[in-house]
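Student: Fit chain F to the supplied structure of chain Y, relying on the hints for placement.
Protein chains: 2
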Amino acid sequence: MSTETSEQLKYMFEPRSVAVIGASNTMGKWGYIVPANIIAGGYTGKFYPVNPKANDVFERPAFKSVKDIPDEVDLAIICIPAAAAPAALGECAEKGVKTAIVISGGFGEVDAKGAQLEKDMLDAIKGSHLRLCGPNTMGIYSGPISLHALMPPVRPIQGKIAFAAQSGNLGTQLMSLGRALGVGFSRFVCIGNETDLKAVDYIEYFADDPATDVILLYIEGLKDARRFIEVAGRTSSRKPIVVLKAGKTEAGAKAAASHSAALAADQTIFKGVLKQTGMIEADTTEEMLDITKAFAAVPLPKGRRVGVVTWGGGWGVVTADALARYGLELVELPQGTLDELARVLPEYWSPGNPVDLVAALDMSIHFKCLEIVARCPVVDSVISLGTMGATSSFQAFALDRQVMDDVMREHIKPKVINSDFLKQLQRTDEAYRDEVFDLMQETQKPIMAVSLPTAGATSPMLARQHEVVIYPSPERGAKTLAALYEYREFLEQKVSLV
Amino acid sequence: MSTETSEQLKYMFEPRSVAVIGASNTMGKWGYIVPANIIAGGYTGKFYPVNPKANDVFERPAFKSVKDIPDEVDLAIICIPAAAAPAALGECAEKGVKTAIVISGGFGEVDAKGAQLEKDMLDAIKGSHLRLCGPNTMGIYSGPISLHALMPPVRPIQGKIAFAAQSGNLGTQLMSLGRALGVGFSRFVCIGNETDLKAVDYIEYFADDPATDVILLYIEGLKDARRFIEVAGRTSSRKPIVVLKAGKTEAGAKAAASHSAALAADQTIFKGVLKQTGMIEADTTEEMLDITKAFAAVPLPKGRRVGVVTWGGGWGVVTADALARYGLELVELPQGTLDELARVLPEYWSPGNPVDLVAALDMSIHFKCLEIVARCPVVDSVISLGTMGATSSFQAFALDRQVMDDVMREHIKPKVINSDFLKQLQRTDEAYRDEVFDLMQETQKPIMAVSLPTAGATSPMLARQHEVVIYPSPERGAKTLAALYEYREFLEQKVSLV
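Respectively, the protein sequence lines represent chains Y and F. Letter 124 of the first sequence, counting from 1, is numbered 124 in the working numbering, and no numbers are missing. Letter 218 of the second sequence, counting from 1, is numbered 218 in the working numbering, and no numbers are missing.
Next up, chain Y with everything else stripped away, as it sits in the complex (with noise of 0.2 angstroms):
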């Protein structure tokens, strides 16, 4: 199923070796950033300075050429003016070096000087196997093996989504809120000026990476819009693509021309291009993250038949209304699963769909309907409202210096709040987690908490994001389960056609 392309890129995204053509002692050159970045970020391989004039970079013998590394070479990260990157990949092309990463820019974005530079470079590598990612790059990260080759300060997560971004700060900022939002990454791309390797290169690599479980693209134009499509389409029947385009509007085209030089497709064309290869549109950059999340962590629901499990009626219809508007159904309950609703909850439980908790404090009653609701056949769904958190929110409250000042000058007697009370609070959001999981596990169902975060107390909501999927409001939750749906559809179309 591999092309030579994605075996090509093995070495970019897992070398065995890196040299950092341009590396520097100077704080503040890219030559500094990005080996600190490499080195601090915990790289394993093996990696070599090459630098002229220095004797050591970053207490490691410097090379004057990266023909004198006394190794073989996988990756070679270029950080020198653009005039001279072309001798330099002529010099890694004649070592048998495998990939290079031109992080400089100064090239075909800036003017036609520049462009003449790409063409050369081009030349550089013609007749070797060395493939080139750039020029005017942010570089590739690649958890598998703790690789940080980037320009800016971002540690992401290891995790399962891959990520070729049109924008080295939209997508390293992204990983940035996927650190915050405990959303992981297997591999990222900056795809630059796509000299020699395409935005649809990465997508063939990512494709047979058995360290991707989904890809997510952001894509302001295609270079290759005929094989990009053949290659998507291919990919969607085995990993989910979840895509924003930007660049949509007159005014988007207009500062992507400006920006990367890409060709704005027609929104219409594109709309065509989505149902052709079954890639997810994200609408949002937030939805980037929310979607891939999901099926990086959760099974495809079956159906459109949404259960919803709610703490406060409030959020029920907020999330009713959300289900409609995004094309999923708030399924009627059978009269048995209500039957079983009604032997867990108050009798004042008025019977339906949301269930509505009625506010109940003992937790054990939120686990007994989320299992029936889960269970229920007609279900294909979960959207489970408030509980997740609930705990959370108390102990941010309780743990609120305000308060418990209060409470040390024995405001309020007896005391409510001390360490069991906190510990237990703990205890249910963990079993939480296990009760989702778990009923995932055994419906195949996918199950979706909504939980608002609260501050000082988000890392108890992010734990396990690899597991279970949180979000921070009912309307976010089912777009999200929208997007999954949409997916599983493209999926039995495809089997249906065979």
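Among the hints, a few may not be true.
Identical copies look the same in the list; a pair holds intra-copy or inter-copy alike.
To be verified - Distance condition first, Cα-Cα at most 27 angstroms in a straight line; then the derived BS3-like pairs of lysine-lysine: (1) 254 x 368; (2) 368 x 29; (3) 254 x 126; (4) 254 x 302; (5) 302 x 223; (6) 113 x 302; (7) 67 x 271; (8) 302 x 46; (9) 275 x 46; (10) 239 x 223; (11) 95 x 223; (12) 198 x 275; (13) 198 x 368; (14) 254 x 64; (15) 64 x 119; (16) 29 x 67; (17) 368 x 126; (18) 223 x 67; (19) 239 x 53.
Don't read these hints as lab results, they were simulated from the structure.
Tutor: Same frame as chain Y, but now just chain F:
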């Protein structure tokens, strides 16, 4: 301007004395939780527990009946079973208590017997001046006097937003979220069953309330639609009203009927109500805070023309798309402004809007460009991407335990990260907030900052949210700007009609 009702509601939101009927030392009872929240919340007025079976509650002498309290009572909070509520209210009326909140549930939302109890409560207060919030309410919050008369353990930040919600759960959760995001509230009321006081009464009070600049509503259905429309329209020309209308879809309306017995208005009718009253619609729960926090902090844009200053190209493209989507204009900057920018930015800068800061690490460049764009006469508002929080993001990275360990183990020499460096980073975010605040004062144009949340670095981003606003994505910043402009247009139409 103020009405009799809004005069009466002052006693509810600014009581000099509060009696809790059913106050209890038994943990877990609402009669325990509500007073605990009041006392821990730091309410400075007088507090009188009423409980015929206890000598003291929370170490304060308990009264057998509200009538025994040797003081005026501005607010009575009723935490006893529904069946006993009418009699308790009768005593309150007799005593001359000004306002009451019936926390207890078990009324019209449950059955016909409960509905009868609501009628009995109305009978009990008939002929008196006593006004009634609820029943079936989670209570109220009042920032200026630090009154947390609430069921859930929520401690909002004090601010300028008054919030009336037809869901206590959703309302109090949003105030928790506000705490996490730095969004503050002046008042909150969980509207409950509206036996006496209706949603519209609270709007009338908020309209006159000097502590309130913005009004936020969560509405499932209206009991007094004609008066609501009249009051909302009148209020909107003085203070913005942001509203999320739930139950907009058939599924949502059905859920609302079961939750708050609200008669859902047809969506088309509601759109008409929005147009007529000038209320601003929040499409999602997240937008409820996104939009209100902006109304509470920044000037209104005088037109559609937006200048964008961005640290990176990709975010700029996404913002251009979002502006177009929400009906705003990415304005073409005049040559003079472009020339000014060119003098600050490197020569390879590509002139245009968005103003791409071409990854400048020197923060003074960010500041200068922001000033030039904000002062440009054709610019009505500014979106600033990446500058705010850039240093927080670096700081979070630098403070990351693993990175610090690497530094401590001296993997990297020379040491990049030391305490001076960290202080410098902190200063930049502070300086940026000053810059944005001062520029808004000077130009009277809104400046929306976009900064991704970063793990462990939330607080520096959130500081001074009452003076500057920060959004977690370009799309949310742009959509909020559109809401501000929509309100500005409403005000102008009002003026032109007069």
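Student: All hints are to be evaluated individually against the structure, with a verdict given for each.
Tutor: Structure-based check of all given hints:
Proximity of residue 254 and residue 368 under a CA criterion of 27 angstroms is satisfied inter-copy only: 24 angstroms between copies versus 54 angstroms inside one chain copy. For the identical chains of this complex, residue 368 and residue 29 are inter-copy neighbours only, at 23 angstroms across copies versus 58 angstroms inside a copy, given an alpha-carbon limit of 27 angstroms. Proximity of residue 254 and residue 126 under a CA criterion of 27 angstroms is satisfied in neither setting, with 33 angstroms inside one chain copy and 67 angstroms between copies. Taking the shortest Cα distances, residue 254 and residue 302 sit within 27 angstroms of each other only across copies (25 angstroms), while inside one copy they are farther apart (41 angstroms).
Taking the shortest alpha-carbon separations for residue 302 and residue 223, neither the intra-copy value of 36 angstroms nor the inter-copy value of 40 angstroms comes in at or below 27 angstroms. Proximity of residue 113 to residue 302 under the C-alpha cut-off of 27 angstroms is found in neither arrangement, the shortest distances being 55 angstroms within a copy and 43 angstroms between copies. Taking the shortest alpha-carbon separations for residue 67 and residue 271, neither the intra-copy value of 48 angstroms nor the inter-copy value of 70 angstroms comes in at or below 27 angstroms. Taking the closest pair of Cα atoms, residue 302 and residue 46 never come within 27 angstroms of each other, the shortest separation being 47 angstroms inside a single copy and 58 angstroms across copies.
For a Cα distance limit of 27 angstroms, the shortest separation of residue 275 from residue 46 qualifies neither inside one copy, at 44 angstroms, nor across copies, at 65 angstroms. With identical chains, the CA atoms of residue 239 and residue 223 are at most 27 angstroms apart within one copy only, with a shortest distance of 23 angstroms there and 51 angstroms across copies. Taking the shortest alpha-carbon separations for residue 95 and residue 223, neither the intra-copy value of 30 angstroms nor the inter-copy value of 80 angstroms comes in at or below 27 angstroms. Only within a single protomer do residue 198 and residue 275 lie at most 27 angstroms apart by alpha-carbon distance; the minimum there is 22 angstroms, versus 49 angstroms between protomers.
Proximity of residue 198 to residue 368 under the C-alpha cut-off of 27 angstroms is found in neither arrangement, the shortest distances being 51 angstroms within a copy and 36 angstroms between copies. For the identical chains of this complex, residue 254 and residue 64 are neighbours neither inside a copy (43 angstroms) nor across copies (74 angstroms), given an alpha-carbon limit of 27 angstroms. Taking the shortest Cα distances, residue 64 and residue 119 sit within 27 angstroms of each other inside one copy (25 angstroms), while across copies they are farther apart (92 angstroms). For the homomeric pair residue 29 and residue 67, the shortest alpha-carbon distance inside one copy (23 angstroms) is at most 27 angstroms, but the shortest distance between copies (78 angstroms) is not.
With identical chains, the CA atoms of residue 368 and residue 126 are never at most 27 angstroms apart, being 65 angstroms at best within one copy and 45 angstroms at best between copies. Within a single copy, residue 223 and residue 67 get their C-alpha atoms no closer than 33 angstroms, and across copies no closer than 82 angstroms, so neither meets the 27 angstroms cut-off. Neither within a single protomer nor between protomers do residue 239 and residue 53 lie at most 27 angstroms apart by alpha-carbon distance, with minima of 47 angstroms and 66 angstroms respectively.
Against the hints set out earlier in the document, violations occur for numbers 3, 5, 6, 7, 8, 9, 11, 13, 14, 17, 18, 19.
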